[in-house]
Amino acid sequence: MTEKTHPGRLWRKAALVWVALSLALAATVVGAYLDIGAWKLPLAMAIAAFKAALVAAIFMELTGAGAGTRIAALVGLLWLALMLSLTFADETTRAQSSDGFTQGAE
Amino acid sequence: MSGLNEPFQTLARQRGAAELGIWIFLASELVFFGGLFTGYSVYRFLYPDGFLAAGAETNLIIGTANTAILLTSSATMAVAVWAGREGLRRHVLWGLCLTSLLGAGFMVLKAVEYAEDIRKSLVPGAGFALPERGAEIFFSFYWIMTAIHAVHLTIGVAAVSLAAWRLWRGRVDWRGTAFLHVLGLYWHLIDLIWIFLFPLLYLLGRGG
Chain W
1 MTEKTHPGRL
11 WRKAALVWVA
21 LSLALAATVV
31 GAYLDIGAWK
41 LPLAMAIAAF
51 KAALVAAIFM
61 ELTGAGAGTR
71 IAALVGLLWL
81 ALMLSLTFAD
91 ETTRAQSSDG
101 FTQGAE
Chain X
1 MSGLNEPFQT
11 LARQRGAAEL
21 GIWIFLASEL
31 VFFGGLFTGY
41 SVYRFLYPDG
51 FLAAGAETNL
61 IIGTANTAIL
71 LTSSATMAVA
81 VWAGREGLRR
91 HVLWGLCLTS
101 LLGAGFMVLK
111 AVEYAEDIRK
121 SLVPGAGFAL
131 PERGAEIFFS
141 FYWIMTAIHA
151 VHLTIGVAAV
161 SLAAWRLWRG
171 RVDWRGTAFL
181 HVLGLYWHLI
191 DLIWIFLFPL
201 LYLLGRGG
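Those sequence lines, one after another, are chains W and X.
Mapping of the first sequence onto the numbering used here: residues 1 to 106, in sequence order.
Mapping of the second sequence onto the numbering used here: residues 1 to 208, in sequence order.
One or more of the hints may lead you astray.
These stretches of chain W come out as covered by chain X in the derived footprint (C-beta under 8 Å, 3 or more residues) [as the list claims (entries may be wrong)]: (1) 5-13; (2) 21-28; (3) 42-54; (4) 62-75; (5) 79-93.
Since the hints were made in silico from the structure, they are not lab data.
It should be emphasised that the depicted structure is a prediction, and the values quoted were computed from it without experimental measurement.
Even glycine gets a Cβ: it sits at the ideal position worked out from N, Cα and C.
Please work from the sequences and hints to get the whole structure.
This is the structure we're talking about:
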């Protein structure tokens, strides 16, 4: 270990990230009351992704992590993306085509 | 050198293995919660109006306060990990104790909220309060997701408290090992899950 870090610096660094997270939290609550219709969900998800990225990058130290760790985290996200996209590839198309099939049967 | 276990020859190798191990676990947790998030998304897609009506019934004040509490606890946990690397024992203990107290605070508020939800008949089943189609499904997800999150948080509070106790008594090798980092990563995952639960469960049907 090189020179000792002053403890105050550790608390300040965490406090800085905390301020950013708190501002994002305030923004997402305000956003829920805005009259933006269908954009509410994308806005809320974008802010949540921003908060998650801050926590993952700085608190969980993913940016400075080794290749194996980053691959493990990315694989988790990949499976999640596959699960969501394949589920909705089924769910959204099923709803649209069901009328056509039932008409022929009647 | 204490804290070094078989079969590792150096502490750095041991730290690397512990970090990779906990990340593989966290990735599996992500997929586990992901199944619930996917189910939620499908039913929200099928019953958008029911979900909006039901979401407006959740307690936004407690939800927001609890989000702030968890975000703060992640910051104090991060300080504990960073201080641990510098060998600052007192600051590690402060970080762990604050984290565990904030986690307990979250659970107290959640219990108050659960009691209110039960009073408002927001438990799916006979006598459910809302008539909209899909509202009951929303609350099924609300209860399951927040309850599983609370189970993880309970384990987290117990683990952080135990770590603080053992560290105070000098019964754990925290200098140079991945002990605090691994504990911190688990705690931050609980926070990450909540960061997405909050807008999906509390921010629906507000305003115009």
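Checked hints:
1. Coverage of a stretch by a chain is defined here by at least three residues with a beta carbon nearer than 8 Å to that chain's beta carbons; for the stretch 5-13 of chain W and chain X the count is 5, and the condition holds.
2. Figure legend: the stretch 21-28 of chain W, annotated as covered by chain X; annotation consistent (4 residues with Cβ-Cβ distances under 8 Å, at least 3 required).
3. For the stretch 42-54 of chain W, the assignment as covered by chain X holds, since 6 residues bring a beta-carbon within under 8 Å of that chain's beta-carbons and 3 suffice.
4. Here the stretch 62-75 of chain W counts 7 residues with a CB under 8 Å from a CB of chain X, which clears the bar of 3, and the coverage holds.
5. Under the rule that three or more residues need a Cβ within less than 8 Å of chain X, the assignment of the stretch 79-93 of chain W holds, with 8 such residues.
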